[in-house]
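Asks: Taken in order, these protein sequences are the chains called A and B.
Counting the first sequence from 1 gives a position; the numbering used here is that position plus 66.
Counting the second sequence from 1 gives a position; the numbering used here is that position plus 66.
Simulated from the structure, these hints should not be mistaken for lab results.
One thing to keep in mind: the hints can contain errors.
Copies of one chain are not kept apart here, so a pair can be met inside one copy or by any two copies together.
Quick list of in silico lysine-lysine cross-link-like pairs, DSBU-like style, CA-CA up to 30 angstroms [stated by the list, open to error]:
#, residue 1, residue 2
1, K117, K189
2, K81, K626
3, K231, K308
4, K81, K342
5, K231, K549
6, K447, K197
7, K197, K308
8, K298, K494
9, K298, K231
10, K298, K492
11, K117, K494
12, K231, K492
13, K342, K626
14, K494, K447
15, K513, K494
16, K392, K117
So the chains spell out like this:
There are 2 protein chains.
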Amino acid sequence: MPQEYEIEVAEDNGKFSVVEGANLLETLQDEGYEVPSLCGGMGLCGKCIVKVLAGGQAPTESDRQFFSDEELQEGMRLSCRLEVEDDLLLAIPSLAQGKSEEATAKSELDEQIIDIEPDSGIKRVLLDLEKPGRGDQRADATRITDEFEGCFSLPLGIMNELPGKLRENDFSVTVTVDDTEGRLLSVEGGRSQYESYGMAFDIGTTTVAGYGLDLETGRTLYVDSGENPQGKFGADVVSRIKYARENEDGLDRLQSEIIRTINELVQGFADARDIKRKDIYRATFVGNNIMLHLLAGVDPTHLDQAPYIPGFTDPQRFDAEELGIKINPRGKLVLLPSLAGYVGADVMGGILQTEMHKSDGLNLLVDIGTNGEMALGNQDKMYAASTAAGPAFEGANIEQGMTARAGAISHVSIDDEGNLELEVIKDKRPIGLCGSGIVDTVGELIKAGLIGEKGAIVSGKSALPRPTINPLGNRLIDMDGEKAFWLHVDNNPVFVTQQDVREVQLAKGAIKAGIEILLEEFGATAGDIDRVYLAGAFGNYLRKENIMRIGVLPRIDLDKIVSVGNAAGQGAKLALINRGKMEEVNRIARSVEYIELSFRQDFTEKFMSAMSFPEAEE
Amino acid sequence: MPQEYEIEVAEDNGKFSVVEGANLLETLQDEGYEVPSLCGGMGLCGKCIVKVLAGGQAPTESDRQFFSDEELQEGMRLSCRLEVEDDLLLAIPSLAQGKSEEATAKSELDEQIIDIEPDSGIKRVLLDLEKPGRGDQRADATRITDEFEGCFSLPLGIMNELPGKLRENDFSVTVTVDDTEGRLLSVEGGRSQYESYGMAFDIGTTTVAGYGLDLETGRTLYVDSGENPQGKFGADVVSRIKYARENEDGLDRLQSEIIRTINELVQGFADARDIKRKDIYRATFVGNNIMLHLLAGVDPTHLDQAPYIPGFTDPQRFDAEELGIKINPRGKLVLLPSLAGYVGADVMGGILQTEMHKSDGLNLLVDIGTNGEMALGNQDKMYAASTAAGPAFEGANIEQGMTARAGAISHVSIDDEGNLELEVIKDKRPIGLCGSGIVDTVGELIKAGLIGEKGAIVSGKSALPRPTINPLGNRLIDMDGEKAFWLHVDNNPVFVTQQDVREVQLAKGAIKAGIEILLEEFGATAGDIDRVYLAGAFGNYLRKENIMRIGVLPRIDLDKIVSVGNAAGQGAKLALINRGKMEEVNRIARSVEYIELSFRQDFTEKFMSAMSFPEAEE
């Protein structure tokens, strides 16, 4: 007889015996515990987590891939990698997932509160209709439209089902109407338990974020994001335009990729909150204008050559089924307005969110993604522009650049003694740098005197203040003739090259030059700026002092700089739940003046001089 | 060697030889003449007509089926039935069809002129757009919407093609806009040669009529009609409602039948005028409300039981593609408003056309189809009602009733000597009676004293004024115990039975009683009526004196009665080409008061007494 051990599950006090060497995941599943696994027990998906509270063994290599030291110490293990060798007391986090996810979500969602009275125009009303009789021969449809003021129309699909539905439910129905459209969206029997929901999407070149909201309360119930799957056809907008131009079905493929992703977020919202997709009645979209073109399937191929003409900039309203977005098929998809080909609905949404267009003081909004977009102004006048800043700040075009995921160096500090400290996302072994990591590195190297004004990495230890004892010296190397700086040394080292620094210079030079031109147009100087809003994930992670040190912005007091997170996404949420805000963003788009930087000779001059690092030692 | 003969075709002076006994149709087709034939030369379809100008033989039996004596004398023959036995000089009417059809159509269309300034809101505009440049970076869509005042939206399908289309055509395009919807309907390259067209449809229970109009000039370019193919599922509205109720896919089948027929009329218009279906931008529909329900696919099954609640009465607007009507997919289908389940858009269209709602004098509109619908009023107030008159006036429920096609007795006269004269459609051998024929027969028999006040056909010759010499006496017979009157005696006799007279009494009694109740509601008497509009094909063919003699209407001067033909269809055309008229018919539907006759006890009383024939001898 093989040795048997006892397993106890904390959640339900379940106990059972297994033979020595049994696979824990299989055992739990055999016993009826719903432990998820996507990879079939290969140790790849990281879903089959258990927490070993008593007993158990040292972590496996797979465990180390998925858990931080702290988590390992708490007993977190992949159950598919665990062979039972003693009695175990387990917790199975996935069993409590409903609760714990809600708890996690709550804290995340608390940040998402938007402070505005909900007024989406979408209403659910319980109607106890008069029943037909000799004194009341009104048509079924009229019986409903009479309940609302103004002109209301019933879509054909609703009309087709109406006579049966009214009678099955004894003329008591819950209807959903869109006041703005004067249109019925649904008729459901009796007192429907469901609410009306909406979603706001921010379609970035790299990342797509989806927010699920309750339209009646305005509360954000769901946040998730994923990679923009169009990335495989090109990392930046220009390469996607190229892909659309050079492949016959290119535009179709780009469109279906993004629609698939949006539908995954829709399904994610529905699953997470146990709602039905048909109860999602509206979706708003922000993004740069090329992303919106690809979403709508509108040819963007005239956008990468002067004079950069987009197919559309005005706000667009489509039926959900026109694009195959799987919310209620009668729900509207609203694309917020853009200003120009390269100043998109994301910037308009950001202005809406920050309310800089209503401010007395002079405000600057800088949204740095794959492109750098910026707006400057106050209640009197507003200007906006964009620069092909290059994707350095998103970690692209950087030798070891990566998106901000586990293993990315996100922060770098060098102290006065030359000691270097790294922050790595998820405390994993570093495998590359994300945008904030590269900005920090360049900033700290400037501070340490290892990068000069023109951006050159110094040659050899001799450049160091106290070369003999400064530990940074060992990190300066020559790689096949190119200078570089080591951040992490092991079998897979992480370093920043001279070329990486050049990429940063190009990106920040373009943004700074753009800001200078906006200031000139406005008739102001950097000193007049009262507030700088840094939008995008970038703004969230960056250290202001290094932003300033590398010179992305003109010289401004650090305390005037505010990170506003995903202001574009917040703008999309505002427009989703409040009609006034939707009109406001349309007004914004009509009133902001667009400055085409690429047509201006002075931009090139400003750009050249803005590439240097003024804070570096000569 | 067989004998050869020479054939000469007048239209093109073509000459060729054929062997004796050759089939003329096959010969002509072999020689390349496009002579149509649907039945494959079986003598059944009547399409392969030739006119033998010299030579030829006596008509065949088939020829006699298809041609009147006059036509036969002119040389008309079916070429498929003709074996060549001598030299022939032929005319082939189908070769000149384009021309001759246009000529026929023209005279038919002349009757269709509607006297109103076209203002459909659908406009075609040639736009020579500003080309993009450094000073003009507007989006492609904006470049177009800026050309129009107010808020214009571009449908997704147009947007998808816009950037390419503008550049292929050097920014010169013809756009079609619907001002009413604030929506672009199409963008075509360059100066498009096509106009914008619309169609108006009158969907009767028995017959569907389609009118094709030029939206810019308001001219009617096409008229055609066909049987409502739903007839095979039931002759009247009640049996179609029953079919929809009792068959799971009943409603779907009824709907697809009517949509197929409408699409045939659409294609007919396109073919006749060599236009493209996509250039037809709007269609309006009138009909009784059940027909409109079946068109829209809305459950009509609550309409055949009290309190007779329809799914809708308000005007409906659908996209053409929603119903699968093959005009421009972005074109709108507009169903004119109904008043109630049994007072449909046809009556509203009739009021619009006659303008009785604007009149000082008191007007009565009677539209007798399968149902009898009527409206009474003036500029101050309007009432409308309907009666299940029964389909006697359309020739249904009559022993030998038939629709008004070749072989139907359409008129009957009996002179003072008792001589009977028949008018038969197309001068063919009579095979039955259509609606006007049955009304005439009953009227003439009343006049001749052969039908009594209560509707009984008199028994035997003795009832006749001068029984011994009156030739009518021989026509009175007893058929298996039922009295009847012979109209035509041969192997297939045509007669009217006592039961047929009863059907006429039911139909006319219901209509007359309905009119009396409307008069009572209005507070007027028959003498106050200034004008009676008889609508429908029925009104066109009926002799006023027999309408009056059988007592369909209260006693009114004959010269107050006006036949207005298809007033409903004319109303649909007005609403199609003029927005003001569309609004007007909507206002009419909201202002007319509906009277439900079946709820009123006084209706039954009035109905009973209205069944008698007051003009008959006691």
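Asks: For each hint given before, does the structure comply? Return the numbers of the non-compliant ones in rising order.
Replies: Numbers 1, 2, 4, 5, 12, 13, 14 and 16, in rising order.
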